[in-house]
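> Respectively, the protein sequence lines represent chains A and B. Here the numbering used here is used: position 259 in the first sequence is 286, and no number is missing along the way. Here the numbering used here is used: position 146 in the second sequence is 1292, and no number is missing along the way.
These aren't lab readings, by the way, just hints derived from the structure by calculation. Don't take each hint at face value.
[Claimed, not checked] Restraint-style ranges between C-beta atoms, simulated for each label pair: (1) G152(A) with L1268(B): 18 to 28 Å; (2) E1230(B) with D316(A): 38 to 48 Å; (3) H1168(B) with R104(A): 32 to 42 Å; (4) A1238(B) with T50(A): 35 to 45 Å; (5) H1168(B) with L52(A): 19 to 29 Å.
In this text, all values refer to a predicted model and were calculated from it rather than measured experimentally. Where a beta carbon is used, it is the ideal one built from N, C-alpha and C, also for glycine.
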Amino acid sequence: MAGELPRSALEAAAHWYVQLNDTALRPAERAAWERWLAADAAHRQAWARMQALERRLNSVPGDMAVPTLSAARQRRRRTVKLLTLLLSAGSLAALLPQLESGWQIARADLRTVAGERRRIQLADGGTLDINSASAVDVDYRPDLRRLHLLTGEILVQTAADPRPFEVHTANGIVRALGTRFSVRREDGETRVAVLEHAVELRPWAGTARRLEAGQQSRFDDREVAAAQALAIGEGAWRDGKLIANDRRLDDFLAELARHRPGYLACAPEVAGLRLSGVFRLADTDAVLDTLAASLPIRWRYATRYWVRAEPI
Amino acid sequence: MNIAAAPDLPGPTIAALYRDHHGWLSGWLRRKLGNRFDAADLAQDTFLRVLAARNATVIEEPRKYLATIANGLVVDRFRRLSIEQAWLDTLAARPEPVAVSPETRALILETLVAIDRMLDALGPRAREIFLLAQFEGLTYAAIGERLGISLTTVKKHLARALAQCLILAEGC
Chain A
28 MAGELPRSAL EAAAHWYVQL NDTALRPAER AAWERWLAAD AAHRQAWARM
78 QALERRLNSV PGDMAVPTLS AARQRRRRTV KLLTLLLSAG SLAALLPQLE
128 SGWQIARADL RTVAGERRRI QLADGGTLDI NSASAVDVDY RPDLRRLHLL
178 TGEILVQTAA DPRPFEVHTA NGIVRALGTR FSVRREDGET RVAVLEHAVE
228 LRPWAGTARR LEAGQQSRFD DREVAAAQAL AIGEGAWRDG KLIANDRRLD
278 DFLAELARHR PGYLACAPEV AGLRLSGVFR LADTDAVLDT LAASLPIRWR
328 YATRYWVRAE PI
Chain B
1147 MNIAAAPDLP GPTIAALYRD HHGWLSGWLR RKLGNRFDAA DLAQDTFLRV
1197 LAARNATVIE EPRKYLATIA NGLVVDRFRR LSIEQAWLDT LAARPEPVAV
1247 SPETRALILE TLVAIDRMLD ALGPRAREIF LLAQFEGLTY AAIGERLGIS
1297 LTTVKKHLAR ALAQCLILAE GC
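Throw the hints in and build the complete structure from the sequences for me.
Okay, structure coming up:
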C-alpha cells in the first residue's frame, strides 16, 4: 500500500527491462536507460519493483508454469460451459442467481475489465463488440449460433447465415432477424436496442415480442416492456464515445463508471445538473476534468478508485 | 498490509460498518458460496481490505461497496482453487516425482495466481508472447519468427504484460 508509484514509471520500467534483455541492445540505448534511471527517484523505485518481479517470475519453474496455467484456464472454462449448458436447458432455475456472481464471469470465454472494449470477428463473419466490464460465452454449433451474455453489454452485427442467431441472458432470449443490435444486462433485466432491422425478445417465462429498428426495450424473466424510441448516442461506445444529450449528472456518471475501475458517483446536491456533449472513453480522467471545468462541481478523490462529484 | 497505520483509521466508522453489515455480508457470501467456512473467511478478508483502504468515512453505499470487494475475493478464491488443482495435476503427470518444499510451493502458487490474474487482462497474443519469453526461454527474435510478427511488436506486448504485473502488484 505504502508509496504508490505512478503508473507511467511502472510502464517505463517494464519497457526498459524488455529493451535491456534484447540480445541486440545498442550502447546508446543502455545510456538512455541510465539517464532515465538517474532522472527521478520514482524511476529507481519502479526499477527496483521490476527487478523484484523478475526474481519472483524466475522462481517459478517454466516447465511447471505453462501446463499449470493453461490447465487452470481450461478447468475454469469447463465449469462455465457446464453451467451455461444447464442454464440454457432451463433445468436448473435455482442456478440463475449464481450466474450473476463474479466467479462464473471470471470464467467466461470473452471478457473485458472496466475501461476496456473489444471487437471480435465471429466465425460466421459477423462482428461482436464487447463493452467495458462485460463477459460473454460464444457457442457456435453446426445448427445454431448462440452467445451467452453473462454481464455487461454487447453490440452484435450479424452475418448472413442459415443458422439462427441468438443472445441468451438470465432473463431470456434475444433472437436476431438479420440485424445490428445491442444487448445489455442491468439491474436484473436485459435491455435491447435495435439499430438495424429487427429482433425478437423472448423472456424465459413470457410471450415473445418483436422490436424494430430505432426502438429499444427491456425485459425481465416474465415480460417485455413497451418499446421506446432509441436514445441519442445509443451504441456510441462501440466507437469509444459516450454521447450525452441534456442528461442528468448522476445518470451520466453511472454510465461513465462502467468504463472506469472503482467508485464514481456524485453528491445529491449536484445529481440533477444537466450536461450535453461527446466524450472520449479512452481517457475517463480527462472526462472528469472537462466536467469540473463546465459544471459547478469539484471532484473529491479518496483514492484513484474512489471519486465523487461535490458542489463547489 | 500496513497494520502500523492503524492510528490513522477512522476507528468508530469501521466499527460501525462492521457492526451494521458484517452479518449481512456473511449471509450474502454464504448464499453465494454455499459454504459457511469460506463465507466467514471472506467476510473477514473483506473488512481487512476496507481497513487497508482507509476510506471508511466516505463510503456512501456500504453494502454495495462491501459486496464489490467481497465479489473480487470470491473470484480470487476460485482462481486460486483452479491453480492449486492444476498444479497438482501437472505434478502428477510428470514422469518422475518432483520434490518441492511447502514454502517454495506456497511461493510458486502465489506467483502463478498473480500471473494468471495478470494474463486475464491481456489479449491472447500478448499472453502467448509473455509465456514464450518468460517460461519457454525464447529470445525476442525467435518469438517474432514463430508468431510471424515484428521484433517491435513482441517487445511492445511483453512490456505491456510486465507493466500489468507491476501495476497489479502495486494495487493490492
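> List in ascending order the numbers of the hints, as given earlier, that are violated by the structure.
Checked against the structure, the only hint that fails is number 5, while the rest are satisfied.
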